[in-house]
Structure formats: structure tokens, C-alpha cells
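Participant: Full structure from sequences and hints, please.
From first to last, the protein sequence lines stand for chains A and B. Positions 1 to 183 (my numbering) are the ones given, in order, by the first sequence. Positions 1 to 280 (my numbering) are the ones given, in order, by the second sequence.
One thing to keep in mind: the hints can contain errors.
Said to hold, decoys possible - Listed below are the simulated DSSO-like cross-link pairs for lysine-lysine, each with C-alpha atoms no more than 27 Å apart in a straight line:
#	chain 1	residue 1	chain 2	residue 2
1	A	Lys69	A	Lys58
2	A	Lys69	B	Lys13
3	A	Lys133	B	Lys7
Stated by the list, open to error - Among chain A residues calculated to face chain B with C-beta under 8 Å, some are:
#	residue
4	Phe18
5	Leu29
6	Gln33
7	Val37
8	Phe65
9	Ile68
10	Lys69
11	Ala72
12	Ile120
13	Ile123
14	Pro131
15	Arg132
16	Glu136
17	Leu139
18	Phe143
Source of the hints: derived by calculation from the structure; they are not laboratory data. By construction, the Cβ of each residue, glycine as well, lies at the ideal position given by its N, Cα and C atoms.
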Amino acid sequence: MAPIYLLLLAQNESEREFIESAYVEYHRLMYYQAYLVTHSPEDAEDAVGNALVSLMKKCETLMHFEPIKLRAYFTLAAKHSAISLMRKRQVRQKRSTDFPAEDIGDSGEIDSELLEREGIERIAELIDRLPRKSREVMLMKYFREMTDREIAESLSLSEVSVRSALCRARKTLRDMLSRESAV
Amino acid sequence: MKNSDIKTESLLKEAARISAERETERLAKALENNPAARNISDEMFLHGKKKALKSISRGFFQSAGQRIKLVTGIAAAVTLLISSMLIGLNGSGRMPTVASRPISTLPVMTENAEFFGATETPPIQTAETTEAPSTAPTGTPTILPTETATYSPEPTVTPEMPRSVVPESWEGSHYFSESPDAGEPKVSYMTNDEIVYAQIARYESCSLMEYFSETTIQPAFASEYVKVGESKVALMWAQGESFCLCWDDGGKTLLLEAGNKETLLSLAKGITTIDNITEE
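Facilitator: Spelled out as C-alpha cells, the structure:
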């Protein structure tokens, strides 16, 4: 059974059932994912707990997701929560960021025709090949549909830094696509 | 936003979804096929729930603007159990002679030490301090009165609880936030993060940690809740025996009552505002 702190977030019986089933279904995978990031059982639990709470607040939306998307969403939420935990700790320790705000002189816009030409599956593969940090920011933005502010809070960054990171990620993706097209 | 931008964003979303699902699938397979990974997961699930719960409750209550900690809820549930055990309340609603339940016979907590974070526990009173007052009979230490009381499940009835249910050595200690006088049921506001116990309104109680030092009972987080007005009232219990009502009132948790489930449910449904409760 899901713990009370999650059930309390339910607004009605269907949400309660959703929370119950989602918890049973995904908590183990979430723990595993978080552990791979934190390498600490305690931190993994913290991360999963935070992720679950934030997910449950969106359960009205999540209830309509396909199971496979839902599983990915939950798992990524745990991962990002773990990254967030680690980053906050890191920031506390040295007050630095891995995503310095900088003018990269390019908004990273990608031509939609270029994307269409390559096909969604291919783009997904390229996203997989992005540098880890760029990929996570991309997934936060485009899969979890987090706002720049939410990403910034999650990663202990300024919004400017997040936008820079997103631009850089898009630019990298665009360069990869261009190279693929040229071949 | 231009049409092409919308299209680009839509394509990126779709690609990101596929990428995320692939990653999750790989992870799920790794978890499924790797016994070591499975073990890690199991261990994590069993390990240190307290810390996870604290973290979760912290996140939950902060984001919801509700400055309470789950640990306080745990304390409430478990302290109820203390009270129930101390007064000898059993499932039948009748109270056996309290003398049959000397505290020293309660099982000693061992395996749960880690569960509840032994390193984080406040100082636990030693056996000497938790033993019976000097007035107790010699032999087995007892904290119990010689007279028998009867438990009344009616919430409006003030039980006649002998003060001696609580060892004298506990009285006046920092574990009590209010006078431990038995009497009118009171509402306990629990907003202080430092509070790791909840004083049961109706009964005198000992601290959570003292309780855990004496027992092997774990709180089960199974719960029900009922909605009363704009608030939710959570029923929490431990081991299916004792229940408490926790009223979540925008940042405050009110420990309303201890007793059996039916009584609490009827009480919960009969109250609509905090004022009503306070007047109880």
C-alpha cells in the first residue's frame, strides 16, 4: 500500500487508486534509477520520495498517460530528482554550477524540416547520444514538459543558465542532424 | 511562436518521449535480469524508511505550505499505541487490569532500531529511569495502578485516567508540552519540527522514543482518510489496534483523538471546523 503522505495528495477515489497502483508498479524501478545516480540507498530514497510527491501533485494529468509513457515519466522523475539532490549538495559545497550562463551566440533553433527528414526514431537516437547533461535538460524540457523555472529550481541554476543549456543541447542536436544528413 | 517552431517543439517532444521510454526499458530489463540490481533495490526499499519518509514529508509539507512533518504523524500513531498499551486497551474495547501489563514486560526493540534510525534518536531513558516509581511493589518493575479503569470509546466522555499510568519519573520531563493532567480531550497542535512525539489528548503518554525503546511495534502506515469540510482527516494506526485522527489544517496537524476506528470515524464525520474540535 502506498504511504499515507502520498494518499493524502489524492483529491478523489480515482486519484487514490492511481496513486496506489503507480506506487506499487514503479517505486522499485524509481529506486533503482535514483540509486544509479546517487550510489547511496539513503539518497536514492530521498530522491524517490521527492519525486513521488511532485508526481502525485500532477496525478490528474498523469492518469491519462499510456502505461509505457507513465513508467518512463516516473522513472525519469526519479532520476532528475536524484540529479537535483546531488546538484544541490554540490552547489552547497562549492557554489558553482556545471551549466555556466554564457552567450553561445546561437539560439540552437532546429529546422523542423530537418527533424522531419530524419524521422522521430532517428532523432530519439541522437538525443540518446547527446552529452549526459544536455540530454537530461532536453528530457526535462520536452518529455517532462518542465518550465525553465522548474528546471532551474531542480538543478539549482538560474533560468538564464537553463536557457543556455537548452540552446547548447539543441545546437548539438542540430549539428549532429546536419552531419547525419550530409553523410 | 511560429508554426515551424511549434512543429519543431512537437517533434522534439515526441523524440524525447521515445528516448525516455527506451531508457526506461533498458533500466527495467537491467533490474529484471540482474539479481544484484534486484537485491540493491530490495535493500533500498527496506532500508532507512524513516529517512525517506522524513524527506518526503518535508517536501510534501513544504510544497503544500503545511509545516508539519510526517514523523510527527508517526509519533502520533505510535504514541497512541503507547497509551493503549499503557492502559491495557485491547481490541474488545474493554480494559483489562493495567497491572497485567508492566512496562518491563514489553518486548525490547531490537530489529527496529535501524528502521527508526537509532543514531538519530534523542536520548533514551535508561532502564532505571523507566522503571517503576519507588512506590511500586518490589520484584517486577511496574508503572501501573492497582485499580482497574474502564475505557469508554465515547469521545465526549472524559475518561478517568489515573495519573499513575505514566511513571512518575516521566512527569514534568521535557517530553510533555502541556500539563499531563488527564481531563478534557485536548487538541494538540504539532507544528514544531523538533517535536518527535505527540501528546495524546485524552491520555497521558510517554515519548515516542521511550516507547520504541520498550517495544518492537512498528507503526504501519496504512491509513484511511475522510474529508471534512475543506480539510482532510487522516486516520493512522499501528498494527490495526490503535488509531488516531490527524487533522490537517493548512500547516497544522491536530491530533484529535485516540481510540478505536469506528469511534474516530464517527467523530471525524461529526466535526466540520477546527473550532468545533477545539470545543470538544
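Participant: Work down the list of hints and note, for each, if the structure agrees.
Facilitator: Comparing the hints with the structure gives:
no. : hint                : result
1   : A/Lys69 <-> A/Lys58 : 14 Å, holds
2   : A/Lys69 <-> B/Lys13 : 12 Å, holds
3   : A/Lys133 <-> B/Lys7 : 24 Å, holds
4   : Phe18               : 16 Å, violated
5   : Leu29               : 6 Å, holds
6   : Gln33               : 6 Å, holds
7   : Val37               : 11 Å, violated
8   : Phe65               : 10 Å, violated
9   : Ile68               : 6 Å, holds
10  : Lys69               : 6 Å, holds
11  : Ala72               : 4 Å, holds
12  : Ile120              : 5 Å, holds
13  : Ile123              : 4 Å, holds
14  : Pro131              : 14 Å, violated
15  : Arg132              : 11 Å, violated
16  : Glu136              : 10 Å, violated
17  : Leu139              : 5 Å, holds
18  : Phe143              : 4 Å, holds
Checked against the numbered hints listed earlier, the structure breaks hints 4, 7, 8, 14, 15, 16; every other hint is satisfied.
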